[in-house]
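**Student:** Work out the full structure, taking the sequences as your base and the hints as a guide.
For the record, the sequence lines run as chains A and B. FYI, the numbering for the first sequence is -16 to 242, going by my numbering. FYI, the numbering for the second sequence is -12 to 195, going by my numbering.
Since the hints were made in silico from the structure, they are not lab data. Misleading hints may appear alongside valid ones.
As the list claims (entries may be wrong) - Ranges between beta-carbon positions, derived for each pair:
hint, chain 1, residue 1, chain 2, residue 2, range
1, B, 100, A, 221, 25 to 35 Å
2, A, 223, B, 117, 25 to 35 Å
3, A, 151, B, 100, 21 to 31 Å
Bear in mind the structure is a predicted one, so any value in this text is a computation, not a measurement. Using N, Cα and C, we set each Cβ at its ideal position, and we do this for glycine too.
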Amino acid sequence: MLSKRIIPCLDVREGRTTKGIQFKDNVDIGDPVEMARFYYENGADEIVFYDITASSDKRDIMIDVVRRVAETIFIPFSVGGGIRTVEDMRKVLLAGAEKVSINSAAILNPDLISQGAKAFGNQCVVLGMDVKFTGKSRSIPSGYEMVINGGRKSMGIDALEWAQKAESLGAGEICLNSIDADGTQNGYEIVLTDLISSQVSIPVIASGGAGKPEHLLDVLTRGRADAALIASMVHYGTYSIPEIKSFLHAGGVKVRGTW
Amino acid sequence: MIAIIDYDAGNLASVARAVSHLGYANVITRNVEEIRSAGRIIFPGVGAAGSAMTSLKRLGIDAVLHEAFNQGKPMLGICLGTQIIMGYSEENQTPCLGIIPGIVRAFSPDLRDSDGIRLKIPQMGWNRVQPVKEHPVLAGLKETDEFYFVHGFYPEPAHSDHIVGTTHYGIQFASIVGYRNILATQFHLEKSGKPGLALLNNFCQWMP
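**Tutor:** What follows is the structure, given as structure tokens:
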């Protein structure tokens, strides 16, 4: 039986890791390669890097980080942030990432999903979704809308329709982030996660809101997520991954217990 | 020297990095002579069976792989490489190399777990492997060890004797197949942490 995956997410700016609280007030935590090694050795099933470097001329710093991470850890990791073209995807994959995550660029140009899937295989293409609750309306039938720019810009696109469209275009996985829950540490958006995960056939990683192990148990059972993204709750040492996994195991969730 | 076969089927650098990390000289190559002179062969790959077989034939590597197998060279298939060594793949209705007789099947779109819950396809993530026979490459494998899978198709050897390990995902399928000097895993040894590296290391020392 497949294990539910626990995935630490590292925000990286100009080669250094940070963790944003609702995309504001980033604080520097440290070296992404060392953090990746730490999580690799402590039972992370996968690692997500999110490049929040603002200026495009400093983007190659991230490629160097990816290369060094790939020489250090031997589990899958993905890289997102600032990926606009198939060429951007190629650079990240050649540097050693298993997957690339595309978010706003895919909304603005959905062909990027199919081009990436064709060039590298569906399994390489993760659709990142930033979603905000709006309530049901004619244009947003699911009640959840796609947003970009850290939630500042609403796109008028229904989240469920977008997830299904992205799947048909060749996305291999969805990383589903609730902008409402992100940074709160009050728990994942269970209704949203269940809605998307039950309506697509590709794996869904729940993101946004993790603060304690109970939140992961909830999203991996009631929320039907295939994986859970975590950040602050482990970055600041409040919980360890083995501790979270023991809790999930006791709660009846199958997780990878040896590494 | 270990030849890692390059046939336009995905990024092979992660396999090379893992082999280098273990301290074995290796080369990513599509050069027929270089493959011939290598002491052992790793045959990885991600992507679709149809285009992979087309590339193999175009590059003339299909014949070299048969030759290496007949010479008794240690060979390791990974993921798509494991499917390509079978006889036939349901993916793109592709006749494959036929080193191990059998068919590569697609997971049923209505695959369900024991509680009746629909399973996602592809299988993506960590799962266990139950050995069904002893094999030197599986030395040290623990029951609780898990390995990283990403696949929508799985090998189904014609002879149960060629099944070395199985995995459960809605159904029980052959996740490791082997025959004489070839061993092939559906999962990614190079992305499966320390248990994966341990098996990869066993392969690099295997004298079939």
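**Student:** Hints first: check each against the structure and report whether it holds.
**Tutor:** Structure-based check of all given hints:
1. Taking 25 to 35 Å as the suggested C-beta distance range, the pair residue 100(B) and residue 221(A) conforms, at roughly 32 Å.
2. The hinted window of 25 to 35 Å between residue 223(A) and residue 117(B) holds, with their beta carbons roughly 29 Å apart.
3. For the hinted restraint 21 to 31 Å between residue 151(A) and residue 100(B), the CB-CB distance of approximately 25 Å keeps it satisfied.
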